[in-house]
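Trainee: Residues per chain, in single letters:
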Amino acid sequence: MGYYILTYFCIAVFAATIGRLIYRHLTLPLHVRWEIYPVMHEMAERNVYGGSYMEKSDWWRSPYEPSRLNEFKYMVPEILLIRGLWKENKRLWMASFPFHLGLYLMMATVVLLLCHAFFILWAGTAFAADGIIRMIMNGLIPAAGWLGLTAGIAGGLFMLYKRLADRELRNYSTFADYFNLLFILLFFVFALLTVLSGDPSLNGARHYVLGLLTAGAFDPVYAPGQTIPGAFTIVLASLLIAYIPLTHMSHMFMKYFLYHSVKWDDIPNKRGSSIESAVIMNLKFKPTWKAKHIGADGQKSWRDIASSAPREMK
Amino acid sequence: MKTLLKPSDIADKSDRLCHVAPGELTPLPYPYEDFNQTVLTPLKPEKIGNIEASLDDTVAIGIPKPANQEEEEALVRQFLSGLKKLFEKENNWTFLQPLLLSMEHCAKCHTCSDACPVFEMSGRKEIYRPIFRSEVLRRVYRKYLKPGGKITAKLTGDIDLNWKTIARLAELSYRCTLCRRCAMVCPIGVDNGLINHEIRKLFSQEMGIAPKEIHDKGSVQHLKVGSSTGMNPMAAKDSAEFIQEEMEEITGYKVDIPWDVEGADILLIHNAGEMLAWPENVGAFAIIFQAAGISWTMSSEAAGYDAVNYGLWYDDVQFARVAVKHADIARRLKVKKIVIGECGHAHKALTVIADRLLTDDLNIPRESAMVTLENIVMNGKLKFDPLKNNFPVTLHDPCNVVRAMGIVEPQRRILRKIAPRFREMTPHGVENYCCGGGSGFAIMSGYNFAEWRNLVSSRKKFLQILNAFEDEPQAVPKYVCAPCSNCKGAIRDIINYYHAEERSHLYYGGLVELIVNAFEGMKKPIISFGEKPSWE
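If you read the sequences in order, they're chains A and B.
Following the working numbering, the numbering of the first sequence begins with 1 at its first residue and continues without gaps.
Following the working numbering, the numbering of the second sequence begins with 1 at its first residue and continues without gaps.
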């Protein structure tokens, strides 16, 4: 039960941290526009060269119509294939891509394990031993697991090598950077050892996820962590789930905000819009900057200060 | 192999952290090899005795050294107080979310490094690497403002905070042109240009530290006198009168610049520097608008005839004050829209950044002159003879118009119509390189800073220009079209510094001059190469 409690706890930390991060970003005041082109939700004819709706005469007369499809067409290969790095830094991509592929396939494996558990627990008949769904699951789970572990170890080792061998990368690398890489690598290695030591179909993982969903009630005979590698895998995977959102590796999901809330945020402010309401609220903030020319005293609002003259003029 | 400087070395007690030795800068091709051993003229000891000059071979700000330990400590406290404010919504709602995201998610992959022209051209000097200054700020922030920071600093990167750290960081924030190529290539979306911008803001808004060219003589003078050039409204009108006469003399075209016309369709705002340094640009706009029958006006109210907004580079409050002035003038003139002349940073300032500052009737529609001009050139009303522009032309993309606004094609469609020998630089469009004069550098020339700009930050642009014309004989005059005042200033300076007019017959100018030059029926050309008119 101790393993389950650890995993529950780590999932809770993960959810709370992610929740806090997302909540913080959703509740931050609207910032000024700082987009950078190409903005991928532009219409196809402008998207190809990085143009914007501001290329049109009297653009404010037309409705703002971003193309979510164009955005999607860009983001899918960006997320799955790390396309930006491929374009700008191929040498690092050789290490980064397999590493990220390994992590994605681990996530896919977890999703498959959850589906497997759901089928067993709540769709018994549809998941008969000789049924097609079960056959597919039995193929996909080890395929995703094996491929993910192999790619993750190869990529992780290559990333570690690059960070150690490349003097420019090494120059900025701190203990935390090496620790993060080693932590993930250790998980990959122990998980691989687990499947290599007599569990090629990831049955232990299937049982563990079933146990997690039922607080160990599904199969009371099954005890998690029977082998040393298996025990390490459970502990490391759980801790990793809790740890990732606490570090810069949260870019995995915070990239959404980096792109949508900053890099591609080109929504114009039109009179009477929600953007205008947010700006009006922002202008009520009372800054306390100390430089003389600002003339802030904690009582005057941004609106007051913006419509005043700098102190040098008075 | 030399040891690379680390971010923590910024606190080093040495007299100079970085020095560019002869031959370390990226080599220039024939006929400029004689510049390959050139380095910056050393700063005179008597000129820098009382200021902080320990970063590299130049000085942008010239911060006075603290007189004693007590003053030093007070400055460190001020710095930390300002740093804290960068992360407070009351003080920094303008950029809080972008800053937080860029501070927290860098993977230190160095993809940004190869995108930075300053870093590349300097011979990969570590202090100019885009993440160097960001990493300094991150470390200081984590160590001195985050709970438990002094302990976690041992794991996430340590740094000492002393006067050297602060003074060098202030100077270092003026070695980046804010071109944001680094941000464009970052796979995660981290923006080192933004972090640099925020460092500048901290120094200006909390400590009152900024280069005098962009604060005292820049935004303060703009608000006080009416223009960062020092021109008051009367002088601006006098200049325009002179421009009208000049235009008639040069081109034979009688032009009338309208002032303060209430209810005009367009309020045209130029960078007032054009009136003084490139009056033909202002004149060419007037000729085009008049010939096209546009209803337009200029404003003679203080700040209304100068589109610049230097606050964009270093101070949100100064930025907001100028933007509000511009919008308020347009509101009172009851114009339908503001058109921004050939000034890149003014484009971004008033169109994009001020968009989330101006509300209600101050939110007047704003348009780039590139777009207005395209409409005029393409609508068929005016007739052109492209052969009048039958000389090699290349286009410089101002970062603020192209990468920051996505206005890429209008100026190209114009050039394809009126300049038969137009060719692109490599790379161009949103992937362009900065002229080297971005973020205020074009107007900063204290100490030996202009020389640093010519040698380092503008070097990539110079190489790009030379490459664009490499298939042309040396004797053929070549035109670099730079539709931005600051870019023009930087390009003018590199042409002069490297004697490129003599050696490569390089000339530069704006877009409107090319348009007017191609007018069918125009008696005399507006563009001349040296003494020769462009048509010969």
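Be aware that a few hints might be false.
[Unchecked claim] DSS-like cross-link-like pairs, simulated, lysine-lysine; straight-line CA separation at most 30 angstroms:
no.	chain 1	residue 1	chain 2	residue 2
1	B	Lys-217	B	Lys-337
2	B	Lys-89	A	Lys-270
3	B	Lys-84	B	Lys-47
4	B	Lys-85	B	Lys-2
5	B	Lys-108	A	Lys-286
6	A	Lys-73	B	Lys-89
7	A	Lys-290	B	Lys-108
[Stated by the list, open to error] Example chain A residues on the side facing chain B (calculated, C-beta under 7 angstroms, incomplete):
no.	residue
8	His-31
9	Gly-50
10	Pro-77
11	Leu-81
12	Gly-84
13	Lys-255
14	Arg-271
15	Gly-272
16	Asn-282
17	Pro-287
Hints are computed from structural coordinates only; laboratory data are not their basis.
Just so you know, even glycine gets a beta-carbon here, dropped at the ideal spot from N, CA and C.
Trainee: Are the hints correct? Go through all of them and say.
Mentor: Here is what the structure says about each hint:
1. Distance hint between Lys-217 (chain B) and Lys-337 (chain B) is fulfilled; the C-alpha atoms sit about 29 angstroms from each other, no more than 30 angstroms.
2. The straight-line distance between the Cα atoms of Lys-89 (chain B) and Lys-270 (chain A) is roughly 23 angstroms, inside the 30 angstroms bound, and the hint therefore holds.
3. With a CA separation close to 34 angstroms, the supplied pair Lys-84 (chain B) and Lys-47 (chain B) exceeds the 30 angstroms bound.
4. Between Lys-85 (chain B) and Lys-2 (chain B) the CA atoms are separated by roughly 38 angstroms; this puts the pair beyond 30 angstroms, and the hint is violated.
5. About 35 angstroms separates the Cα atoms of Lys-108 (chain B) and Lys-286 (chain A), which puts this hinted pair outside 30 angstroms; it is violated.
6. For the given pair, Lys-73 (chain A) sits about 34 angstroms from Lys-89 (chain B) by alpha-carbon distance, which is inconsistent with the 30 angstroms threshold.
7. Using a Cα cut-off of 30 angstroms, the hinted pair Lys-290 (chain A) and Lys-108 (chain B) is violated, with the two alpha carbons roughly 33 angstroms apart.
8. Checking His-31 (chain A) against chain B by beta carbon gives a least distance of about 5 angstroms; that is within 7 angstroms, so the hint holds.
9. A distance limit of 7 angstroms between C-beta atoms decides the matter here; for Gly-50 (chain A) the minimum to chain B is near 4 angstroms, and the interface restraint holds.
10. With a least beta-carbon distance of about 12 angstroms to chain B, the hint placing Pro-77 (chain A) at the interface is violated under the 7 angstroms criterion.
11. For Leu-81 (chain A), the suggested interface contact is broken, since its CB lies about 11 angstroms from the closest CB of chain B, more than 7 angstroms.
12. Because the beta carbon of Gly-84 (chain A) sits about 4 angstroms from the nearest beta carbon in chain B, less than 7 angstroms, this interface hint is met.
13. At a threshold of 7 angstroms, the smallest CB-CB gap from Lys-255 (chain A) to chain B is about 6 angstroms, leaving the interface hint in force.
14. Because the smallest distance between the Cβ of Arg-271 (chain A) and any Cβ of chain B comes to about 6 angstroms, under 7 angstroms, the interface hint for this residue holds.
15. Because the smallest distance between the Cβ of Gly-272 (chain A) and any Cβ of chain B comes to about 9 angstroms, over 7 angstroms, the interface hint for this residue is violated.
16. For Asn-282 (chain A), the suggested interface contact is upheld, since its CB lies about 5 angstroms from the closest CB of chain B, less than 7 angstroms.
17. Hint on Pro-287 (chain A) holds. Least Cβ distance to chain B is approximately 5 angstroms, under the 7 angstroms limit.
Of the numbered hints stated above, those contradicted by the structure are hints 3, 4, 5, 6, 7, 10, 11 and 15, listed in ascending order.
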